[in-house]
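A.B. asks: Take the sequences, apply the hints, and build the full model.
Line order of the protein sequences matches chains B and C.
Be aware that the first sequence starts at 1, since it is given in our numbering, and climbs by one per residue.
Be aware that the second sequence starts at 1, since it is given in our numbering, and climbs by one per residue.
Since the hints were made in silico from the structure, they are not lab data.
Check before you lean on any hint, since a few could be wrong.
[Unchecked claim] With a cut-off of at most 20 Å between alpha-carbon atoms, the simulated SDA-like pairs for lysine to any residue come out as follows:
hint, chain 1, residue 1, chain 2, residue 2
1, B, Lys211, C, Leu57
2, B, Lys211, C, Thr60
3, B, Lys211, C, Tyr150
4, B, Lys211, C, Ser124
5, B, Lys211, B, Leu152
6, B, Lys211, C, Arg56
[What the hints assert, rightly or not] To list a few chain B residues with every Cβ distance to chain C over 10 Å, as calculated:
hint, residue
7, Leu21
8, Ser49
9, Leu51
10, Arg146
11, Asn147
12, Gln161
Ideal Cβ placement from N, Cα and C applies to all residues, glycine included.
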Amino acid sequence: MFAEFDFRVIWDALPFLVQGLWMSLWLTLLAMIGGIVLGTVLALMRVSSFLPLSLMSATYVNLIRSVPLILVIFWFYFLVPLIIGRPIGGFYSALIAFVIFEAAYYSEIIRAGIQSVRHGQVLAGKASGLRYWQIQRHIVLPQAFRNMIPVLLTQAIILFQDTSLVYVVSLRDFMTASSIVARNEGRLVEMYIFAALVYFLICFSASRYVKRLQRSYAL
Amino acid sequence: MDYNWNWGVLFQDPYLGWLFSGLRWTVAVACLAAVIAFSVGSLVGIGRTVETRWLRLISTTYVEIFRNIPLLVQMFLWYFVLPELLPENTGRWMKREMPMPEYTSAVLCLGFYTASRVAEQVRSGIESLPRGQRMAGLATGLTPFQVYRYLLLPMAYRIIIPPLTSEFLTIFKNSSLALTIGLLELTAQAQQISEYTFQSFEAYTAATVSYVLIALVVTLLMQWLEGRVRVPGFAGRGG
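C.D. replies: Shown next as structure tokens:
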């Protein structure tokens, strides 16, 4: 069944596909940074003793976590140009959608991380006269992030897979690039199997690496 | 911000009908896929905990493959690629005569993908039980099959109801990917309404609210189930 496989198609389209792959990785990196920053804010709001803040964060997280990513991508593809008042291309809309979406998942991870730091440490910080923010900044968050690194990276692998969904707004990531080639050349079988292989190799080796890290890094 | 509000559009013919039809497809895909995910996932998850080496290897390979390829790629593999790779007659049947090709592909794709995630839950459920239980079962003369059937699985399943709930919710959300192969489920219908009427805000809100309602109903249902099957004296374990 692989006798009619046309590897030339892949070879010829390689520069185009590599460009797409860079787009996927770039989007993953930016969305991860944005997601972790916003996720940290949400997590701190969630564990704060000021009820409205914690309620707001909980509503945000639960709302985002009950809708599909594709719908969020559609939402921001429509909303962002409307709010800004001029069209700004699919990339920024997609990036904002990913940051908003991933932040909900990151905030749950970070919250678990914050709660994994023993309460006695917070009390000790208070006793030695530190303010709330100083305690979070110098005592809780550094330890929390160290505990969380493997889970955060696992989430990054999921995020990398999720970026393939920008296909629905035709942003040229690796998936969209593969499908463009597949359609133009009429070589769906080769291209989609190739795409699956590339994604598999990246995600599998990354998750192997995370597993190794987990063993050597645990506190 | 320049936007003409018109919430009434959601209740007009044919848009209300589109929304309901989308909702029906979403539920239909998710529920059947959940059945596949639960049965295949249980088998694979059990496979990862048995003594037989090759069974463990096959199960691990299954999980790694399905977990490390994006769902969208898998959707295209099921829909576009599989019919080409099968023997000619089967392939032609899939392309020409198989009823509801988009629906069938979407269900199979989601079912087998989610199975890999369910398998991990089942495995962790079984592994969270004390090892003594398996040994005690074998020592009293139960066959390995009986050990799983009467000792390990009844407790393991109860422990993993909360993570299974979130997997079940994820199936509903992931079923939106079926729109990429042309199935007009909820998100696709919202998108279509927004294209026809330019009332994107209203259309996407309707879809969002529907997904939130689905999440609520599923969560309540699973909580009810969890309460119903609780074994007295084990309350709160693993919960």
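A.B. asks: Compare the structure with each hint and give your call.
C.D. replies: Going through the hints against the structure:
1. Pair hint Lys211 of chain B plus Leu57 of chain C holds up; C-alpha atoms about 18 Å apart against a cutoff of 20 Å.
2. At most 20 Å may separate the alpha-carbon atoms for a hinted pair to count; Lys211 of chain B and Thr60 of chain C meet this at roughly 15 Å.
3. Restraint check for Lys211 of chain B and Tyr150 of chain C: not satisfied, since their Cα atoms lie roughly 33 Å apart, outside the 20 Å limit.
4. For the hint linking Lys211 of chain B to Ser124 of chain C, the alpha-carbon distance of about 16 Å falls within 20 Å, and the restraint holds.
5. Pair hint Lys211 of chain B plus Leu152 of chain B holds up; C-alpha atoms about 12 Å apart against a cutoff of 20 Å.
6. At roughly 19 Å between alpha-carbon atoms, Lys211 of chain B and Arg56 of chain C fall within 20 Å of each other, so this suggested pair holds.
7. Non-interface status of Leu21 of chain B relative to chain C is upheld: no Cβ of that chain comes within 10 Å, the nearest being about 13 Å off.
8. No beta-carbon of chain C comes within 10 Å of the beta-carbon of Ser49 of chain B; the shortest separation is about 25 Å.
9. In this structure Leu51 of chain B is separated from chain C by more than 10 Å, as the shortest Cβ-Cβ distance comes to about 22 Å.
10. Every beta carbon of chain C lies more than 10 Å from that of Arg146 of chain B, the smallest distance being close to 24 Å; the non-interface claim holds.
11. At roughly 19 Å from the closest C-beta of chain C, the C-beta of Asn147 of chain B stays outside 10 Å, upholding its exclusion from the interface.
12. In this structure Gln161 of chain B is not separated from chain C by more than 10 Å, as the shortest Cβ-Cβ distance comes to only about 4 Å.
Going through the hint list in order, the structure does not satisfy hints 3, 12.
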